[in-house]
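Engineer: In case you want the letters, here they are:
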Amino acid sequence: MTPVGEALHRAWHTPRGRVSAGILVAIGLVGLFGPPYLPDPLAQPDILAGANLPPGPSHPFGTDQLSRDVLARVVTGARVSLAVAVLAVGLSMTLGAAVGLVAGYWGGGVDAVLMRLVDGALAVPRLFVLLLVLALWERIPVIALIVLIGATGWFGTSRLVRGEVLRLREEAYVSAAEALGARRRRIIFRHLLPNAMGPLLVAATLGVGDVILLEAGLSFLGLGVQPPAPSWGGMVFDARAVLVTAPWAGIFPGLAITLTVLAANLFGDALRDAVDARGR
Amino acid sequence: MTRVLDVENLRVSFPDAGGRRFYPVDGVSFRLDRGKTLAIVGESGCGKSLTSLALLRLIPPPGRIDEGSRIRLEDTDLLALKSEDLRQVRGRRIGMIFQDPMTSLNPVFTVGNQIAEGILAHLPVSKTQARDRALQLLQEVGMPDAPARLDAYPHQLSGGMRQRVMIAIALAAEPDILVADEPTTALDVTVQAQILEVLDQLRARRGMAVLLITHDLGIVAGRADRVAVMYAGQFVEEASTSDLFALPSHPYTQGLFASVPRISGPVQRLAPIPGTVPPAAAWPSGCRFRPRCPKAFEKSHTEPPMLPVGPGHTMRCWLAEE
Chain A
0 MTPVGEALHR
10 AWHTPRGRVS
20 AGILVAIGLV
30 GLFGPPYLPD
40 PLAQPDILAG
50 ANLPPGPSHP
60 FGTDQLSRDV
70 LARVVTGARV
80 SLAVAVLAVG
90 LSMTLGAAVG
100 LVAGYWGGGV
110 DAVLMRLVDG
120 ALAVPRLFVL
130 LLVLALWERI
140 PVIALIVLIG
150 ATGWFGTSRL
160 VRGEVLRLRE
170 EAYVSAAEAL
180 GARRRRIIFR
190 HLLPNAMGPL
200 LVAATLGVGD
210 VILLEAGLSF
220 LGLGVQPPAP
230 SWGGMVFDAR
240 AVLVTAPWAG
250 IFPGLAITLT
260 VLAANLFGDA
270 LRDAVDARGR
Chain B
0 MTRVLDVENL
10 RVSFPDAGGR
20 RFYPVDGVSF
30 RLDRGKTLAI
40 VGESGCGKSL
50 TSLALLRLIP
60 PPGRIDEGSR
70 IRLEDTDLLA
80 LKSEDLRQVR
90 GRRIGMIFQD
100 PMTSLNPVFT
110 VGNQIAEGIL
120 AHLPVSKTQA
130 RDRALQLLQE
140 VGMPDAPARL
150 DAYPHQLSGG
160 MRQRVMIAIA
170 LAAEPDILVA
180 DEPTTALDVT
190 VQAQILEVLD
200 QLRARRGMAV
210 LLITHDLGIV
220 AGRADRVAVM
230 YAGQFVEEAS
240 TSDLFALPSH
250 PYTQGLFASV
260 PRISGPVQRL
270 APIPGTVPPA
280 AAWPSGCRFR
290 PRCPKAFEKS
300 HTEPPMLPVG
310 PGHTMRCWLA
320 EE
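As given, the protein sequences belong to chains A and B, one line each in that order. Its first residue numbered 0, the first sequence is counted upward by one per residue in numbering that gives the first Met the number 0. Its first residue numbered 0, the second sequence is counted upward by one per residue in numbering that gives the first Met the number 0.
This is chain B alone, in the form it adopts within the complex (with noise of 0.2 Å):
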């Protein structure tokens, strides 16, 4: 197996109205392996985008990556890296499918166009061959009618292909990473799936070790190899997604479980958890869950480090001790 992405302790903050930091991704680390997918899946606020932004050094100023973080990519240290070398990773090492497929598309040029943007940004040839190529690309990621298409406008294409649009462009350069940033969440769930399907084939085609972004754990069953939970900046659980799912464990997990509704089995009312995610300038003490936690006890007043479930399985929470 080889590790392609390594991310120690990242950290990324925001001044607040006086000056003083605070920590809306904090101390977050996982690793990406070659044609393997994690997935980090969390609730709106929690810094799932932000952590994928981080991979591409796009925070926004007045934020930043905070000292004590690692981001190594093979043998390159992306934190170092200046411009020039920055740019040559975005798009060519690290690929990313943005959210919106509405709005992350430029009005003003064909698909065609954008797609040869990521070509002729990395790689040495000819906007004719660059052309071929975007071609090829819509191609592959199964864009109905795709010569036609190369000339069309973005506002002339429908939400699903707009998406296959930026998967093409986001492949344009041969990224060894593909980030995806809840690459479905504005789309049609029948759209959703074909959009998933055309992302996992496209790994297993290429050997990319993809990151996906997600607030829904029903798009991770049957897509990833690992799961990340992340609640308040921090991963609270992760796991292979078989065991995720034969045994969430932390009380967030269960509480995201027991609030999808099922199929199968007896009807019964939804359990939501209770109350939101708190503002990144407050995270809590101790516990980041512990005011929403059914079962908090008198030892969630310290904060828990990641603890061991099982093999491969940890999570963040003083239960696990026992």
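The following block holds chain A by itself, in its conformation from the complex (with noise of 0.2 Å):
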């Protein structure tokens, strides 16, 4: 088994690493193939005498002040917020390794250069240049909105992977590949990336909880997934206004954005111990 899979496997056996996956793909499988079953998260049926009703039969987390059915909301929201997180995270992912390995393998002037901009990038506050780009982009398009995210997230990657490549090229094995008459983008891609993706994967992970909580910020502000698609954030700044009197709309929403974080950084932390335990 190659070393990313052990560590899966052994993540996997350790309690918090099973119970956060298993609220994972629960999370991500209610999310896939839950709205058929549920009733249209758009759908107002009945604005006045349907809204704000408390969790029952027909509706188990009640209904919003518009009347929309909450599950169906935070089901489908759940679609938004995993997609966004995925897909960001794997962008800021592939961005951060390939500037950490062209850094960390041509090392001198290129490395220099790249760690000097990276250093720049990190000290620019992320949130702010988020804000900028999305009060000027009105009714951003989710697609530019994970491009946006995913673009400005891999600073940090980029150093940890430089770092990863700095120790691995000592490695005997690299030197071996060399004297073996590998090319140079074998030796990258077979020798170098696979023994850094340990670390990667566990950063990664820890990426995703991280990028929810920013969509649902941004969301919460406005500027992240656009009404009246439903998303985590935007669900609890719509319930603002009814939290007294309703509370359950902002609730479920909330339990849902706390619950996939503590997951994600959970498993992200078993994911590390059990790298972390491969050199042992």
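It is worth saying that the hints were derived from the structure and are not from the lab. Where hints are given, some of them may not hold.
What the hints assert, rightly or not - Not everything, but these chain B residues come out facing chain A in the computed CB check (under 7 Å):
#	residue
1	ARG86
2	ARG91
3	SER103
4	VAL107
As the list claims (entries may be wrong) - Covered by chain A, according to a simulated footprint, are these stretches of chain B (three or more residues, beta-carbon under 8 Å):
#	segment
5	115-128
6	162-172
Even glycine gets a Cβ: it sits at the ideal position worked out from N, Cα and C.
Combine both chains into one complex, guided by the hints.
Structural biologist: Written as structure tokens, this is what we have:
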């Protein structure tokens, strides 16, 4: 089994790894397959008599002030939140790994230039950049949001990967591959990248939690996923006005955010321990 | 006899903290002939591993091979090659076996995969052909149950099996020259003998030239055709193996023999060589072995060249003149 497979396996065999992975998988499956069995999350069946209904048999999570079914919106919101998180993290990990590999393997001037750029980028508050772009770009499409979050999230990852590459370059099997006449591309993609995957995977898992929070925050400010499409952050924002009279409209999406982020962080922790344990 | 490698006045230098360069390998010359084994013997720090790395131009920066050094591979000037041509030499014409089979294999890939890597880097074959060839190589190096081991990861193999894999990798592209840097140091004694046996058979069967780097005189006996004893970045004695064992002439070589325990003969205290190899940044002036040499005399303050002791037998000591 490869080290990454081994780390996943080991993480799965800890209680917190199994519980958190179970939660994430469950949320993903419900988000993926749940909506057809639920009411239309956008439908407003009875805006006068059906608004702000407490949880009950016909609406397990109640309804919001526009009489929409909160459960359907939370489940559909999971699609958006998870898709944004996974794709944005995928993008930032790819960018970070690419820059880190180039900087770490080539070293010298290339490394110095790239790392100073990263230092500069890290000194700019990410949230300000996002708010600026989003303020200028009304009704931003979800795909652009994903690219924006992904493109501003890779700086730390590039440093992480560079550090791993600097360490791995000294490994005897890298010299052995060079002595064998292996091509440079092959050394990078076959010897350096796969052996840096463990820490990268940990960073990605923890990154998912961060991005879900970020997206929820942006949507709460009305700058992320645009209404009426359901998003957890947007739902909490909408429920603000009725928080005292109909708290379920805000509590359930809030719980969804907390549970998902908690599970992602717990799994990241379990994975980190499993990756560290590889060397022992 | 066909000459395959000709090394002349090889010097490898590194800068010290102040930017001054020092020479861990300082003027090494030797030749390799087809089907023959040359052993370089020396203590750690004498420069023997750097010598082997220099043959593949793998000296890690800021180290470099200095001007005036010459490495000729048949008709090719190795030191003039550009990166792609150099890559074609590595593995294809000179194969290398590294010291530690525990760290020289990539933990992420199966051994079959890693042997195939060497084949695919140089030969125009398909992946399936490379895999078949990897299996043949594993069988050739005497891997027990080779078909099953092809898909094993390095951590599933013992040290001896891993070293067999390393040899198979070094042989993958059928090099003319095999450089083995301490190939058995990390292995149990019983496994050492097996690995050396495998190397010897391969040399004989394929007519490869072998450069065997070791600190262990015991390995050299019966395996190498010629032996060069290295000390402080230079060869201090070079002879055919039988001559060297019959008549070790340089005081350092004699010291090496005196510090090896013998099974036969009267039981005596071992006579270690006092002191250690000086650091490369501070090679002693004159004869470099002078500070540790029991036979040093006035003339040792002048650096000796390689002087003849007998036919095909030279040493770097003024005592050869007597």
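Engineer: Each hint needs a verdict: does it hold in this structure or not?
Structural biologist: Going through the hints against the structure:
1. A hinted interface residue such as B/ARG86 counts as satisfied when its beta carbon comes closer than 7 Å to some beta carbon of chain A; here the least separation is about 5 Å, so the hint holds.
2. Taking 7 Å as the C-beta cut-off, the interface hint given for B/ARG91 holds, the closest approach to chain A being about 6 Å.
3. With 7 Å as the threshold, the beta carbon of B/SER103 comes within range of chain A, its nearest partner Cβ sitting at about 4 Å, so the hint holds.
4. Given the 7 Å rule on beta carbons, the hint for B/VAL107 holds: about 4 Å separates it from the nearest Cβ of chain A.
5. Counting residues of the segment 115-128 of chain B whose beta carbon lies closer than 8 Å to any beta carbon of chain A gives 4, which meets the minimum of three for the stated coverage.
6. Closer than 8 Å: that is the beta-carbon criterion, and the segment 162-172 of chain B has 5 residues meeting it against chain A, so the requirement of 3 holds.
Of the hints listed earlier, there is not a single one the structure fails to meet.
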